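All chains, full assembly: derive it from the sequences and hints.
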Amino acid sequence: MQKRLPIVLLSLMSLVAIMVSCEKIIPSSPKEDEILDGPVEGLSYDQLRRFALGDAAFNNEIFTPANGLGPGFVATSCGSCHAGDGKGHPFTTLVRFGQNDETGNKFLDQGGPQLQNRAIPGYKPEQIPSGATFSKFTPPANTGLGFLELVADADILAMADPQDLDNDGISGVPNYAVLPSYVQAFNNAIALKEKYIHRFGKKAAAYNLLHQTVNAYNQDIGITSSFDPVDAYTRMVIDPEIPTLTVNNVVFYLQTLKAPMQRDAGNAEVETGRKLFEKINCSGCHKPTLKTGFSPVAALSNKEFHPYTDLLLHDMGPGLDDGYTEGSAKTSEWRTPPLWGLGLSMNSQGGSYHLLHDGRAKSIEEAVTLHGGEASASRNRFNQLSGAEKNAMLRFLESL
Amino acid sequence: MKKLFTLIISIGIGQMAFAQIDPKLLRAKPSDTAKNSLNMDAVYERPFIAVGKLPVSVGGYMEANWQYQGTEGISEGQQFQFRRMTLFVASTISKRIKFLSEIEFEPAEKEIAVEFAALDLELHPLLNLRGGMILNPIGAFNQNHDGPKWEFTDRPIAMTQMLPATWSSAGFGIYGKNYSGDWMLGYELYATSSFDDSIIANPENRTSLAASKRNPERFEEIASGQPLLTGKVAVRRNNIGELGLSYMGGVYNKWRSDGIVIDDKRRLNVFAIDFNTTLPKLKTFITAEWAWIRVDVPDTYSQQFGSRQMGGYMDIVQPVIKKTILGWQHSVVSLACRVDYVDWNVGKFRETGGNIGDELFSVMPGISFRPRQQTVLRFSYRKQWQKDILGNPAARTGAFQLGVSTYF
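Chains A and B are the protein sequences, given in the same order. Read in UniProt numbering, the first sequence has 343 at position 343, and its numbers run on one by one without any break. Read in UniProt numbering, the second sequence has 178 at position 178, and its numbers run on one by one without any break.
Bear in mind the hints are in silico, worked out from the structure with no lab data behind them. Treat the hints loosely; a few may be bogus.
Some chain B residues well away from chain A (every beta-carbon gap over 12 Å; in silico) [stated by the list, open to error]:
| id | residue |
| --- | --- |
| 1 | L185 |
| 2 | R206 |
| 3 | G225 |
| 4 | K283 |
| 5 | W290 |
To give an idea of the interface, some chain B residues facing chain A are shown, with a C-beta separation under 8 Å as derived from the structure [as the list claims (entries may be wrong)]:
| id | residue |
| --- | --- |
| 6 | N202 |
| 7 | N205 |
| 8 | Y301 |
| 9 | D388 |
| 10 | G391 |
None of these values were measured; they are calculated from a predicted model. Even glycine gets a Cβ: it sits at the ideal position worked out from N, Cα and C.
This is how it looks when you write it as structure tokens:
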């Protein structure tokens, strides 16, 4: 018995040591600036709980035929399109069709504006109707959207220059469209003939994050809600397939996702690239700094942030004109995509870049060189940079 | 005062009840430890206790553990888990008619399941009839999965989440064995209840045969109306090891409703190979299994649900100490290592031609202590890398487990 005691004690002490130290041994978290998901700093406990509920609904709730998927759909969950809240992969690229001018979509009675290119077993997916033009949209990143939602209409209009009065070749116009019935205009909204400035999506066709979320549930997953009870496949009003509270939680989650954080901001080459970015006037559309207005969420209220967008539509030239559009945008006009988080795109796009609206650009440099229209002058200046200068600018873009 | 009185009476009755159990009446029936056994014999190769001269013997096992697991720095902290308790009841109805049942309690799954309950009727050593709730003989783990037999708390990922052990179903079939010198050959062939549409429409967001386990109707109604066929051939040579080849397949989806054809018939086919051996001299025990799954998924559905899967595992167990430890005679300390791999979606994206991810690789070293053959204390550390469907950088998981499992 005396002999056993040391062995027993040693074994027990070893176990306790392991149980205490295991926290140190498991894989550690990536650095905060290397990931896109996570809440904005400064949320209260109750806000964080709501964020967690929205996070679970967004990333973990999988839709099947049993809980409403389809019959036509693009993806089976929100997270399927936005892995790690980053940019999406061509696997879940969606197709919009049927509108080729500002007068509206002529194929709404034939399944427009979005193609549900997949269908649950036993059903047939949609086809693009004959004669309809279309465009492919790669899923965007989700991060920082709450900040973008809070930019005042007046600030957006201040960046617009429809007549190009400053003669820099860049105009920039907002996308005005009618609000869906379930969307309430912001208090500080500036309307034009009962149309409001929309800001989310490739063509800036979504007014706010509720509009964007309801539309995505309906058109991407085939999930009706109390906000939009019309089934995309049958075009019949059916019972809501998702609780209203869940939609609201997901909207809150999207509103309170943190903004992407720049890496290597103090690096000399990155700083050189930043200066070149401004010098060749990429910042004419990709505005580095915007500010939010008032928000009941203190962490978002009256904050300055750095998204590198002006939320306006710009003519990007015939090379990027697919012949399809939304709202008041022309077919060649695209909303300036925010550049924050750009350098982390490969971590959510399967290890490769799939940039521009349809993922056609396989590198940042290719994306720059595919710019046309209002961006032609900046693109030409980029092409004239030396190799070292190009590398510096690309390093800067990767740091975002 | 009333409570005290009740307590004293309760203790008194308890003591009397305990005194009524005569240990001499409980005869431990040794499991069949003869060399001539295959994985297909595992249901009977368990320690049973017979009560007096009753023709019924009982047994069971229990598994519980402590766990600390974290993925990319996020952990739910320390956890204590009661995995399962299983009860066996076996009865020799006559010399050539036997019945065996296995009832499993899994509190975490809120599940009480009849995992096995079958009547075996011997017509000839080479031809036995089996009917009831059976374990489909796909691979080896599904047949031979009792916790105390393994050196790890977690079951092999590919065999449980992909295949999906434990997969039992209602049905009938035949089996038999033949010996010749050091050689042994066994076969099994069953027609049973089957899978359903949930294998390609489930919250796992991937093709998952295991999803069908949640459907209790499968014990009464086959979704496709057509039986699942499962067959296995196993051969063993005593100084080499056992090799098993198995197949399971059938139509899985509900293609007809009230006599109306509502969908195409779609099949699943599963192939598995298993091998186990004990190296001479070193006494290293190696067991491995690999499986391939093919599921007919409509082209118009999402590639989220793959049409091909494959995966397997290998366990290497090396006894390092065999002696009396802490007063337990013939106790054994072993070092062990398991490697798991699963590709839940083998193929390429139609949109890009790039490989579809959704795969997992895991290495799990561990140490076990068996104070007696039927009881094991085991400690392991799992390091796992799991990629999502797009092939993004793998999520790294680390997990410590300390567990106990014992037959009783």
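Hints and how they fare:
The non-interface label for L185/B is consistent with chain A: the shortest C-beta to C-beta separation is roughly 41 Å, beyond 12 Å. Here R206/B does not stay apart from chain A, with its beta-carbon only about 9 Å from theirs, under the 12 Å limit. Taking the minimum C-beta to C-beta distance to chain A, about 16 Å, the non-interface status of G225/B holds against the 12 Å cut. Consistency note on K283/B: stated as away from chain A, and its beta-carbon is indeed over 12 Å from all of that chain's, at 24 Å minimum.
At the 12 Å boundary, the C-beta of W290/B stays outside the reach of chain A, the nearest C-beta of that chain being 27 Å off. Proximity of N202/B to chain A holds as hinted, the smallest CB-CB distance being about 6 Å (cut-off 8 Å). Evaluation of the N205/B hint against chain A yields a held restraint, the C-beta minimum of about 4 Å falling below 8 Å. Taken as an interface hint, Y301/B checks out: its beta carbon lies about 6 Å from the nearest beta carbon of chain A, inside 8 Å.
Look at D388/B: its Cβ gets to within about 6 Å of chain A, closer than 8 Å, so that hint holds up. Given the 8 Å rule on beta carbons, the hint for G391/B holds: about 5 Å separates it from the nearest Cβ of chain A.
Consistency with the previously given hints fails for number 2 only.
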